[in-house]
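Protein chains: 2
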Amino acid sequence: MKNISKEDYLSVIFKNLDEEGGIKPNIIASKLVVSNAAVTDMLKKLAKDGLVDYKPYKGIQLTAEGESYARNMVRRHRIWEVFLNEVVGMAWDKVHDEANRLEHSSSDDLINRMEEMLDYPEYDPHGDPIPSKSGRMPKLKKHRPLSDLNEGESGRVIRVNDFDQKFLVYISGIGVKLDEKITVKEKRSFDKSMEVIIKGKPWNISSKIAKNVFIEVK
Amino acid sequence: MKNISKEDYLSVIFKNLDEEGGIKPNIIASKLVVSNAAVTDMLKKLAKDGLVDYKPYKGIQLTAEGESYARNMVRRHRIWEVFLNEVVGMAWDKVHDEANRLEHSSSDDLINRMEEMLDYPEYDPHGDPIPSKSGRMPKLKKHRPLSDLNEGESGRVIRVNDFDQKFLVYISGIGVKLDEKITVKEKRSFDKSMEVIIKGKPWNISSKIAKNVFIEVK
DNA sequence: ATTTTAATTTAAGCATGCTTAAAAATAAAA
DNA sequence: TTTTATTTTTAAGCATGCTTAAATTAAAAT
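These protein sequence lines are chains A and B, in that order. The first sequence begins at 0 in numbering that gives the first Met the number 0 and counts up by one. The second sequence begins at 0 in numbering that gives the first Met the number 0 and counts up by one.
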């Protein structure tokens, strides 16, 4: 029987590694919305499968095999996102959830065909880089969260976090999309909210929003 | 947790109902390649879910809800097949297995979009009819197995069974495809094999092959 | 009608992945 | 350093879907 959850664990681990290449069970549990106990459980299985190095209480790291498996899952996910968006015409804010399911059920052959049809895209619809067949990850241009910009600064959106569909719906609604120019008009220190200008119109956005939109650094 | 196997059971039941709208556990088990015990088990669950009417030892029938669920699964499967074949360019003999996985992981929205892109196809790449969104099934033109044709008769392929990939690879290899003309040159009574002409070339085919290729009746 | 054969169901058990509650280890605060 | 809080792990248990072996029912053959 094919095991979907293992693939989800690997992706989440891969996408949330810290600077030393490790991750805490805590983080995995919250990203996957399962109990810490479930994470411990799965870590043992992944370790037995040779996909992670796991020393109880000590640390979690991907093995070479685990990393390449995870990287391939990320690749599948992001190619699906581009395909759904560009070929099928599915909205920006819907492709993530759909890809989340499809990524577990598609052959490498299908993924490779879609990639070819799309002419080897480097970024998904939210600006995240797509690993190549061989595992190479395109460089992300330098960027910083919108929340870091100071009053008067402006720049173009290069990436947005895609973990919450409602967030995407919301920012689409105010005109945020990749490559769109955003100018910070006012920043309020008490709640870190800001007023920004998008397509000439002013919008008030919370610091939570601003932290999940990334601006290219020139 | 989403349950893939229930969907497989429903599809298999739906596609193998007898004239009275019933089916034997036996058939289900062999189509799904599981034990009879597994079938009994699942039938109880499907009955509890209101998807089948099940009286132990007596009979199995789909409820209205079960039938509509099953019909939708068949729809998903066949739309995926057409899409993979026509849009993604995947070979005739590969789309079945790929669709078998994808059908469980796609939203109705995605299926409907693909259907629209394909301009509402009525038949899948093997000639099987595709239920519409409302559940209506296009009429299959009258047809009979190639094995029924007599010496000298000929006709066009209107459908082939798609349960075995190797079978599809084989018949593709000898030039069988939808709408292709086939003429029966010789029929051997001792093993029911036959010699047929396809694109001017003679081929010997077993009765097993001939039983799974269907010819339009004019 | 009775026996034999075949199909079906029940029973017991396994693996997967989840849960909550309790125990153990680590990290933070006093 | 000791206490307190947090994180992580273990333990026990549940649901799903599968297996094999045994029991039951139905169908076929005599």
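Any given hint could be a false lead.
Copies of one chain are not kept apart here, so a pair can be met inside one copy or by any two copies together.
[As the list claims (entries may be wrong)] Okay, derived cross-link-like pairs now, BS3-like style, lysine-lysine, Cα gap no bigger than 30 Å in a straight line:
(1) K186 / K54
(2) K200 / K132
(3) K198 / K30
(4) K43 / K217
(5) K217 / K54
(6) K5 / K93
(7) K165 / K138
(8) K30 / K5
(9) K23 / K217
(10) K191 / K30
(11) K138 / K200
(12) K93 / K132
(13) K191 / K132
(14) K57 / K140
(15) K54 / K165
(16) K43 / K198
Source of the hints: derived by calculation from the structure; they are not laboratory data.
Tested hints:
1. K186 / K54: neither (45 Å within a copy, 69 Å between copies)
2. K200 / K132: Result: close neither inside a copy nor across copies, 42 Å intra and 42 Å inter.
3. K198 / K30: Close neither inside one copy (34 Å) nor across copies (58 Å); limit 30 Å.
4. K43 / K217: neither (44 Å within a copy, 63 Å between copies)
5. K217 / K54: Neither: 42 Å inside a chain and 71 Å across chains, both beyond 30 Å.
6. K5 / K93: both (24 Å within a copy, 26 Å between copies)
7. K165 / K138: within (28 Å within a copy, 43 Å between copies)
8. K30 / K5: both (14 Å within a copy, 28 Å between copies)
9. K23 / K217: Classified as neither: same-chain Cα gap 34 Å, cross-chain 69 Å, threshold 30 Å.
10. K191 / K30: within (25 Å within a copy, 61 Å between copies)
11. K138 / K200: So K138 and K200 fail the 30 Å test inside a copy (32 Å) and across (55 Å) alike.
12. K93 / K132: For K93 and K132, both the intra-copy (25 Å) and inter-copy (21 Å) Cα distances are at most 30 Å.
13. K191 / K132: neither (41 Å within a copy, 48 Å between copies)
14. K57 / K140: neither (34 Å within a copy, 67 Å between copies)
15. K54 / K165: neither (37 Å within a copy, 46 Å between copies)
16. K43 / K198: neither (51 Å within a copy, 59 Å between copies)
The structure shown violates the earlier hints numbered 1, 2, 3, 4, 5, 9, 11, 13, 14, 15 and 16.
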